[in-house]
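Student: Produce the complete structure using the sequences and hints provided.
Counting from 1, one number per residue, gives the positions in the sequence shown under this note's numbering.
Quick caveat, the hints were computed from the structure, so don't treat them as lab data.
Across the chosen pairs, the derived CB separations fall in these ranges:
| no. | residue 1 | residue 2 | range |
| --- | --- | --- | --- |
| 1 | Arg29 | Glu151 | 17 to 27 angstroms |
| 2 | Thr121 | Phe81 | 47 to 57 angstroms |
| 3 | Met37 | Leu86 | 27 to 37 angstroms |
| 4 | Glu172 | Pro72 | 19 to 29 angstroms |
It should be emphasised that the depicted structure is a prediction, and the values quoted were computed from it without experimental measurement.
Quick reminder that beta carbons are idealized off the backbone N, C-alpha and C, glycines included.
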Amino acid sequence: MFPSAHLLLVRTVFFDILLHTFSQGGFNRAFQLVWSMGATSLRDRLRIVIFDCCPGDASFTKAHNAALVSLPATRFINLRFLGVPLLYGAVAAMTGLQSARLVRSMPELRRELNDPAAFGTRAPQLYLYSRADAMVTTEDVLRRPWDAWRELGCMVGTVGFEEAAHCALVGEDEGRYWGQSGIGGGV
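Tutor: See the structure below:
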């Protein structure tokens, strides 16, 4: 038997929430979650917000390269041959929707991070990144913590990894990753 929505809501009222986002898609979804729940109900229970390999920039090339990673590795070259231009078209369409302001763009989402109504000012923000990340650069990520501290006055932290691929930071140093994120008991 599944618990009722009321029971789920009651259970989350009494527990702190760790919000852990991954990459641009997770970054975007975090905003959707906050605004769909009503910012206050989530914001007031956040224990920490972790931005893992995000936020990035609005570069078309980086968005296309990130989408290419989603193509299956296959020995059938035709699938990749067809997938590359299809993804190019999809990223171009999304860029067009953002330019027409029908969908929020990355610069808009980055600005919304400075709105205290989004994630609040009480929960610390932790930014995880890798110098080897080909999709979201160290510079993209490290622009954000300073803004969070200056604009919101919240506690911020950064943890850099050297060789991990995009969203694969835990593979470089599992103990450091979980310990710094607070999931392992730290924060």
